[in-house]
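Undergrad: Following the hints, position chains B and C against chain A.
Residue numbers (this note's numbering), protein chains in the order written: chain A, 155 to 495; chain B, 30 to 530; chain C, 313 to 646.
Hints are not guaranteed to be accurate.
What the hints assert, rightly or not - To give an idea of the chain A side of the interface with chain C (calculated C-beta under 10 Å), a few residues:
| no. | residue |
| --- | --- |
| 1 | Asn-206 |
| 2 | Cys-288 |
| 3 | Phe-297 |
| 4 | Met-298 |
| 5 | Ile-306 |
| 6 | Gln-374 |
| 7 | Leu-436 |
| 8 | Val-473 |
| 9 | Leu-478 |
| 10 | Ala-481 |
| 11 | Ala-483 |
Derived from the structure by calculation, the hints contain no laboratory data. Since this is a predicted model, take the numbers as computed values, not measurements. C-beta: ideal position from N, C-alpha, C; glycine also.
Here are the chains, one letter per residue:
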Amino acid sequence: MTVRPLAVHAHPPTGAEQLSQRLLSVGLLPILLVLSVAFMAVFEQKFFGLNNLFNVLRSTSFLAIVAAGQMLVLIVGGFDLSVGAVIALTSTVMAKSMAALSAAMPDQTAAIITLGVLAGLGCGVFIGLINGLCVAFLRVSPFMVTLGTLSIATGLALLLTQGIPVYGMPDVFVKEFGRALWLGLPTTVYIALAIIALVWFMQTRTRLGRYLYAVGGNLQAAIVSGVPATLNVILAYVLCSVLAATAGVLMTARLGSGQASMGGDDMMLQSIAAAVIAGVSLRGGIGRVELVALGALFLSILTNAMNLLRVDSKMQVVVLGFILVLAVALEEYARRRRRHG
Amino acid sequence: MLLEMRGISKAFPGVQALDRVDFDLRAGEVHVLFGENGAGKSTLINIIAGTFAPDAGSFEFNGEPMRGLTPHRARVIGISPVFQEFSLVAEMTVEENLFLGREIAKAGVLNRGAMRERAARTIADLGFALEPGRKVVELSRAHQQMTEIAKALMGNVRVLILDEPTASLTESETVRLFELIAQLKASGIGIIYVSHRMSEIKQLGDRITVLRDGRLIATLDAAGVSENELVELMTGRKIDLLFPHVDHRPAETLLQVEDLTLADHSVEGVDFHARAGEITGIAGLVGCGKSELIRAVYGLETIIGGTIRVEGQAYGHPSPARSLERGVCYFPSDRVVEGLALGRPIRENVSMAALDLTRFARLRIMQRGSERRIVQGIVDQLGLRPPNIERVVGNLSGGNRQKVMLARGLTRTTRVFLFDEPTVGIDVGAKVEVYELMKQLVDSGAAIVLVSSELPEVLHLANRLYVMHRGRMVAELTGADIAEQRVLACFFQDEKTGQAA
Amino acid sequence: MAEAKSTGAARPAGVAWTALLVQALLPIALILLLLGFALVESRVLSAGNLLNLLVQASYLAIFASAQMMVIITRGFDLSLGTCVSAVSVVSALAMTGSLAAGGEATGLAIAAGMLFGLGMGALIGLFNGFAVAWLRVNPFVATLGSLNICLGIATMASDGRPVFNVPREFSALVYNGSVMGVPMPVVLAVLLLAVLHFVLNHTVFGRALFLIGGNPTAAAVAGLPSRRYLTLAYVLCSLIAAVGALMLTGRTGSGEPNLGGNLTLESIAAAVIGGVSLRGGIGGVPSVILGALFVTVLSNGMNLTRIDGNVQMIVLGSVIILAVFLDRFRAVAR
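Bound conformation, chain A alone (with noise of 0.2 Å):
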């Protein structure tokens, strides 16, 4: 039995090292945000155009839900490489038994979308269920598990569609969800900000919430405490992989194909990059959905600058991949201040 004890603060941190604190994990994000913008109205004014406000809004929603997702399970102390994966799987299930339905039953486009979407569902249930059971009792490495499950989706996607866009889900279900304004905004946008808020919720105000904080936070003390340790950690994969899905079937309904391309690794990077970027631990108990949506929109806000600045698209993976090494190595930084005063 090795129970590490709990790091203890000699002397309450002080003002100073408070701020330095706040601005490390939390005033960042904010400040970034507010210069990234500043910086494109200095010098691209394009940005602010209606049409790519709402690209980046959609975009920045089709994150936020992965990234709430990814949130989850690292708040476990877990990690998730697969959601890109459950993306392109969702996708092309979705649009296949959309497709195969309607071929079957042409007028019943209600029951075709809500069974398609639900099918869709069903692939993130599955994969997360299989990253679920095997971390939670077998105790493994995620990554390994996740890495599997990764190999597993991305190869059920492929031998679906074989590579092949798959086209015949309902026009309705394109036109008047994927691609229609509410209000004068992207429906995705709503549904996103329904999703964070529902989260939000469950994070503050549920039992669910607690449990998911108290695993990550200290498994031993969690378990003697009866918390249901091992459903929780299955729960959060399971949420993990049904939030990708959602923004599996957002993405589809708005492109009008199911595609194994959709999703990939870079929807993989980018997910942990918003979370990380957000103050999410990757020693798992912390983290908060609100500031994850932040960490979301500035990740797409630089991606929608760097696309109009012309920067080579191959570049820009090469900066998410310093972005997020750069995250980490400042959380460890702050972490390791905080302990030694």
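TA: Structure of chains B and C alone, referenced to chain A:
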């Protein structure tokens, strides 16, 4: 009879932690569990708390056999443990921790108002100075201890397990805790109290159960038993046979520390020195900074002020590698976390700190033959059994693991030995051998610094005894002054002066 | 002494049997797998295919041994695959570039290609090592970052197209040649693995890697310069991967921006299946060879029995998860 346990056995890899132990607890009594570290106390209370199941034996609570008990189930039926390793989540608030696992909620949605109210009431009832909204990570160890106790008393409690609850409390906090224990007793709760402070045991205990090396030695009434009897039951031998007689012949000062302050302020403005040919003891409560002090000297903590001299030479910015070069060696208290690579063989663990020496490696190429010979020699000298140096350390008992650690100190010329809680988790036999080794080292002219929370250990072995309290050196005792009462008085010193002022 | 009895006694016979079973499990599974494929497709056991298997396994063993260097330290290298791509592209560009500049001095061009390729590898390793050992970034995240950086380098430098006109002499050197009938890739792999075996078991560096992986805190307390060794482990990992990348470039005869493909996954699978523990501190060249053989037989068999490439991807993913199960099982049996 609240609890009744018969013939309880439990084995871990390499150790028989409990061997056919009987234990029972009545309602409204304080039953003290007494024994050295590693005697099986913590295994026993962990079985009662449902952390793990016994390999054999019967265990009844309230006349019902307990099978497949989990920590959660144990809490629900009223068995509340307060462990030394706290069951608190650092990043959560006191209130959130108090209700962890039994939140007031409807359909999963928390009733935060009700919880806030009840938390405030509980804390007020207990008379603890706790703020429910503070994060646990920001609290002192004593306040974390109070949070832990408050948490244990939240639900319906029939059996309360207290594991060294006073190890980090001040005197007034201790007094408050004892009042509380009296109240709980009166209300019919059974209390299992683990401690090895004689004064407490005599003051609180109704019955005492003594464990040694995983076996039940005796269960007796607290009233008619003397302190010496207890110690002899615990150690299995007369006190003067347990601790060897060390001839201290203090010579030159090998280690001199002046005005040392650490970055985390766990040690502030501390002076001390250690001389060749004597054992210098450092005593203090848990969290007083005594361990951090010698860790800093060795190079494991960040120093922000003060000077260190080794053999008269200034030694700035210590690091483990340079300390070893200068003949300073540190034996960590937690051998699993800081000492040993459990998956690797004894040989590699012993030579680990000496790979820079030509005896072990030339031109960065290992001298495996020479390594094997030297390590075998040291292992034989220390009496490690069996003396097979290719065994994986993870399969060894606590005593043998400590010997592997100590062997590391003998692979190179070392003059200053820093021992941090050297006998935690090892049995009496191994203990005596560790003391014997210390004696040999002192005889051969080494300086030993012994940091220990086991008072008898420092009291009997040290030639000079420093006492630390809240990061400061509060006393240096010599000769006849080295006595339990003097040391305990030092622990509570600043509190009394504070009250007087 | 009381405890001498409990520790001195031999472990229960059952445990010893389990340990033995775990040892024998992989070789048996390997043979069964080979025979199973042979039943479906007789060409599996033909001399030509067996030789081919050996060559394939040589490449994989090199990459898996690279991965092993960091897994032993409780680390991980997700960037291995894209590192291979980047090295391939950069070395091919260096060769074609120096040919274009210096006329017909092929020897020089090949040397330049190797130099740039290995340099690229060392640089990537240095980045990973610096991030992990000095910035204390979680190895997964650090190498996830460098995965993307390498991907960017590989595609940008090549514009996403293969770099052709790699001198034929280079291919002759690292691929077509043979020593006493043994194909060059096998010879190179055996040499490299022999050196690695020596490094791991007979040098201070190798010893330090095992100790750091076994217990990083203890290694630091014992005065080992952990950060330096850790950095070196990542550099070595990427360097070995770079050697493998050069050999693969010689085989395809061009610098390929997608050369890495599934290599990260396969190298991890091979190392872990072979018995390199994800908990650090345990591993060795023999394990890696066994694991590489297993994965190679599996994919070779699936190729010959014409199993869809996408299905192979699914199988590989399942094998990774299986490897984790196996790792867990070994830890319990130990």
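Undergrad: Under 10 Å is the threshold here; is the Cβ of Leu-436(A) close enough to any Cβ of chain C for the hint to stand?
TA: Leu-436(A) check passes; min Cβ-Cβ to chain C is 5 Å, inside 10 Å.
Undergrad: Measuring from the C-beta of Ile-306(A) to each C-beta in chain C, is the shortest one below 10 Å?
TA: holds (4 Å)
Undergrad: Taking the closest Cβ pair, is Cys-288(A) under 10 Å from chain C?
TA: holds (6 Å)
Undergrad: Given Asn-206(A) was flagged as interface, is its beta-carbon under 10 Å from a beta-carbon of chain C?
TA: violated (24 Å)
Undergrad: Is the interface hint satisfied for Leu-478(A)? The criterion is a beta-carbon contact with chain C at less than 10 Å.
TA: holds (4 Å)
Undergrad: Holds or violated: the hint that Phe-297(A) contacts chain C, with Cβ atoms closer than 10 Å.
TA: holds (5 Å)
Undergrad: When the nearest CB of chain C is found for Ala-481(A), is that gap smaller than 10 Å?
TA: For Ala-481(A), the interface hint holds, since the closest Cβ of chain C sits about 9 Å away, which is under 10 Å.
Undergrad: Against chain C, is Met-298(A) within 10 Å by beta-carbon distance?
TA: It holds, given that the least Cβ distance between Met-298(A) and chain C is near 5 Å, below 10 Å.
Undergrad: Report holds or violated for the interface hint on Gln-374(A), using the least CB-CB distance to chain C and a cut-off of 10 Å.
TA: At about 18 Å, which exceeds the 10 Å cut-off, the nearest Cβ of chain C leaves the hint on Gln-374(A) violated.
Undergrad: Restraint: Ala-483(A) near chain C, CB-CB cut 10 Å. Satisfied or not?
TA: Cβ of Ala-483(A) sits 4 Å from chain C, so the hint holds.
Undergrad: With 10 Å as the cut and Cβ atoms as the points, is Val-473(A) at the interface with chain C?
TA: Given a least distance of 8 Å, the restraint on Val-473(A) holds.
Consistency with the previously given hints fails for numbers 1, 6, ordered from lowest to highest.
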